[in-house]
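Protein chains: 2
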Amino acid sequence: MVLETIHSPKDLKSLTKEGLQQVVDEARQALLEKTSRHGGHNGPNFGIVEMTVALHYVFNSPIDKFIFDVSHQSYVHKMLTGRVQAFLDPAHYDDVSGYTNPKESEHDLFTVGHTSTSLALASGVAKARDLKKESYNVIAIIGDGSLSGGQAYEGLNQIATTGSNTLIIVNDNDQSIAANPRGGIYTALRNLRESKGQAADNLFKALGYDYHYLDEGNDLNRLIQLFQEVKDADHPVLLHIHTVKGKGYKPAEENREAFHAGGPFNLETGEYLSDGNGGASYNSVTADLIMDKMKQDPTVVAINAGTPMLLFNQEERKKVGDQFVDVGIAEQEAATMTTGLAKNGAKPIWAVFSTFMQRTYDQLSHDMALNNQAGTILVYGASVSSMNDESHLGFFDIPFLAHIPNFVYLAPTNKEEHLAMLDWAIEQEEHPVAIRIPVGPLKETGIADKTDYSILNKNQVIQKGSQVALFGLGNFYGLAEDVAKELAAKHNIKATIVNPKFITGLDKELLDSLAADHQLVVTLEDGVLEGGYGQMIAGYLGDSPLKVQNYGIEKAYHDRYDRKQILVDNGISVNNLVKNILKDL
Amino acid sequence: MVLETIHSPKDLKSLTKEGLQQVVDEARQALLEKTSRHGGHNGPNFGIVEMTVALHYVFNSPIDKFIFDVSHQSYVHKMLTGRVQAFLDPAHYDDVSGYTNPKESEHDLFTVGHTSTSLALASGVAKARDLKKESYNVIAIIGDGSLSGGQAYEGLNQIATTGSNTLIIVNDNDQSIAANPRGGIYTALRNLRESKGQAADNLFKALGYDYHYLDEGNDLNRLIQLFQEVKDADHPVLLHIHTVKGKGYKPAEENREAFHAGGPFNLETGEYLSDGNGGASYNSVTADLIMDKMKQDPTVVAINAGTPMLLFNQEERKKVGDQFVDVGIAEQEAATMTTGLAKNGAKPIWAVFSTFMQRTYDQLSHDMALNNQAGTILVYGASVSSMNDESHLGFFDIPFLAHIPNFVYLAPTNKEEHLAMLDWAIEQEEHPVAIRIPVGPLKETGIADKTDYSILNKNQVIQKGSQVALFGLGNFYGLAEDVAKELAAKHNIKATIVNPKFITGLDKELLDSLAADHQLVVTLEDGVLEGGYGQMIAGYLGDSPLKVQNYGIEKAYHDRYDRKQILVDNGISVNNLVKNILKDL
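Chains A and B, in that order, give the protein sequences.
First residue of the first sequence: 689, per the working numbering; consecutive thereafter.
First residue of the second sequence: 689, per the working numbering; consecutive thereafter.
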């Protein structure tokens, strides 16, 4: 095996073309085996094997600087930069992250997991080089999907304006097939592909780029030739390279949405091993309710920014037609379009992962909240128990969203409550509303929730007790119940249990009433502690006789953590809570 | 006067071309008189008089929907939609805001003050129209400056993809003159202007637009003709219209940077009445220090996103040359470019208004903080006592920024401290650092600050007292001193006075020590209360014997408020503080 002998990019330089092709073949085989067993971003990596080998053959990393957009397509890059065992040996599969990571290698410049940032990063790296009067290539590799993000366009502008060496590689694997063909960047790229780069109006040339098109983006020799031609240019160059997503694995080439990323799959059939367990989940009941609404009301419309599977599968999207809008990986557009839709009388619902919602603070504040428009935002993965890559953490949402005026942010604790909140959010016309979709198995009470959610900030007292009041927010409501059980069983204390429901405001009447027969308020939230829900309560009760204990996660970029351990590390266990509560009583 | 007889756009319809021209002339004269006496966005409005009259003559607002980007160019629109007295009668000058405002008129769809949002708003308004199967024109008016923001590009993509009636008017008043001519959107626009819309590569056509160019954008008749041609189109249309910024007022045409916005000016000479008081300010000492650094170190580089005057004037920018980068109105690019610069060994300093920093949460978190890059961010106007339009509030910065891991956010209280923090921030290589530039007159101690700011979260105890500890953060440090004086003079209480300096973390050692001889901790912050600094302290001290009182501003979009009154309304006065403190002792 040649691949195993590549310990750094230097080892590629001495290979013949045949040797390089063998590296390509072996790398693709390793990808297939690892992703089929272990899961990961399969399709994007299959398509970029030749390009990655060619890049490392022609350029000299780490002197030349590679910046991979999103960086979920950096697996082959990792293989060629000293980390091949993480792709060959199942015992080492978890040695590397799914993204570039400077802690792993000097060949990885940045920790990246969100899209459309590579050009801005490259513009800074290149500018620093120029200020230092150094000389080398700065190379950003960006997919066509990532080009739909506004930040990519800002980067295109800045690199062109700076005017010095920067190589932008648009890895175009034809996402436009999924998109509407009437206009926009995907149409522009398609026109360029179909004309082999000769289309009359060229966006990149318009911005001043030295533009080159390569149709055979999985042809190693042509890639090498092209890179050699543009290496060391004294100006910005844009290479538009057409690759095949999923290249070399037929199921991935044919089903590109499924083979963007996923868990383990059957190599022979191309079927995911755990594809759909059939059971109801918070995601499925959410989708069902929205689908029903859409049938009844043509102004109900779902907005999505590049993660359509979050709400509907392909078939469902087809069914709802114009009532589903995928704006591309353009969260700012999604948030502000939601505002415009609501203003003009539609009922928009934007489904978004918490970690990507972070791209829209000003759109949520200056557009949606300042104009107080009644759109609904579904916030997925806002939990310590969701994605656990440091680049994809979803638990900063409360300090992020809860202090924006006018917003109503809701934390349901079971299916019936969630659906009642969702129904209310869609139909009301008074407030921008966000719902923190619960993470974990579906909990059903079997009793419809008749709460009037237009009465804002009204907490629900589930059990009236004394001494200690437990505020269990959203996903941590069950923990409050467990603590109460333990206090009752072992210490003869009947705790008050509160389901706050509302994150964006306090039930002051309830809080004021607690001092009469309580000594302690405990807040539990499935998110970062600083700037969160509990601290609002601590501030409100600061000069009352009540003591307050806040529980949540300490702010930090926790990486690939054990989801149970991080709770324990932050003092969040029934035992520790009971112990600390007893101290204050 | 014809203008006074225009109570709604309908009144324009019956006018002859001569009558319309008279409206144009009278509107321009009214603009000149109001802005010269009262201040405001002068240049952008002078340039768009003819266009606004033509738009309201041809289209039918409010059935047809106008959306003005940033909306600081909507003065003439306001004159034609029932609000002319606010431009003719000095007694009514303050009746209208400087931006579109639905509370003023049904002709104003949105409250807008930040750039590049109009296309996303229009995409939503048009989509809602389509879902409701209604028929009218949706028209977005966007300046060339605003087109540099990535959100505008996302909107261009979405409108083109939707494919139904939307009219985008690019009001091109040639900001590219200030920009670097080597590439990017300003170059693309310039090429189109110089070729009268015929340039070989047309960005807008590439995105699928039906593109029209008009060079005589201040010619009323040509504007009317063009609008009539494209009215009621069944597809997206982009009109690229070349106007003259400051049109009709020579000083404004000649000095476009100064005549973008400003206070009252002398109509005859074109000189601003209060242009530069010559005294030192926090802004001037900041600029001086950075200028010195730049001379000593070629890797010190200032980044700016479309507000260059914040740091350096034109002459100073010329002097520092390549060490100043204006990325356009593209805050995301600024934040992430700062990250790239720091990673590759430069010393970047990004100067930004707090209200515009809101556009970069994910860039500050996922790019700068996750990668822990040592750039410096200067946050201007983060105070209740800064801009007071509801669209431009700068006091949400602490919940926004302070809970992002790795960031060090500093709150200086005087000149020497500020300069010491700034010097440290630029030279250190450990953390992303933001500095909350003080708002208000420069306070000097005359004693150089020798604090080692690498010891994070170390608060400074200015006076050691007992009973009550006053934490006066940044701009509110002086208030803490005033309260302490009153407590000493009237109540014989020697309060402890603390200058926290660090917003992003607590001095736990100090806080733990207070319980021995204090009953109360009071926090004072010049910003929103919820999710702020004080609540972190309240959370930390929640189960200590100490009581805590937090003072700040209640979250809301306060509009054109009286800066002293809002403090009083939020309980922030020496008298009220003393009264509340005495209650808890």
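Since the hints were derived computationally from the structure, they do not count as laboratory data.
Computed from a predicted structure; not experimentally measured.
Some clues are possibly wrong.
Pairs involving identical chains hold if they fit within one copy or between any two copies, as the list cannot separate such chains.
As the list claims (entries may be wrong) - Here are the simulated DSS-like cross-link-like pairs (lysine-lysine), alpha carbons at most 25 Å apart as the crow flies:
| # | residue 1 | residue 2 |
| --- | --- | --- |
| 1 | Lys1267 | Lys1196 |
| 2 | Lys821 | Lys981 |
| 3 | Lys1103 | Lys1146 |
| 4 | Lys820 | Lys981 |
| 5 | Lys821 | Lys1007 |
Open item on the list: So, against the hints stated earlier in the document, which numbers end up violated here?
Closed with: none
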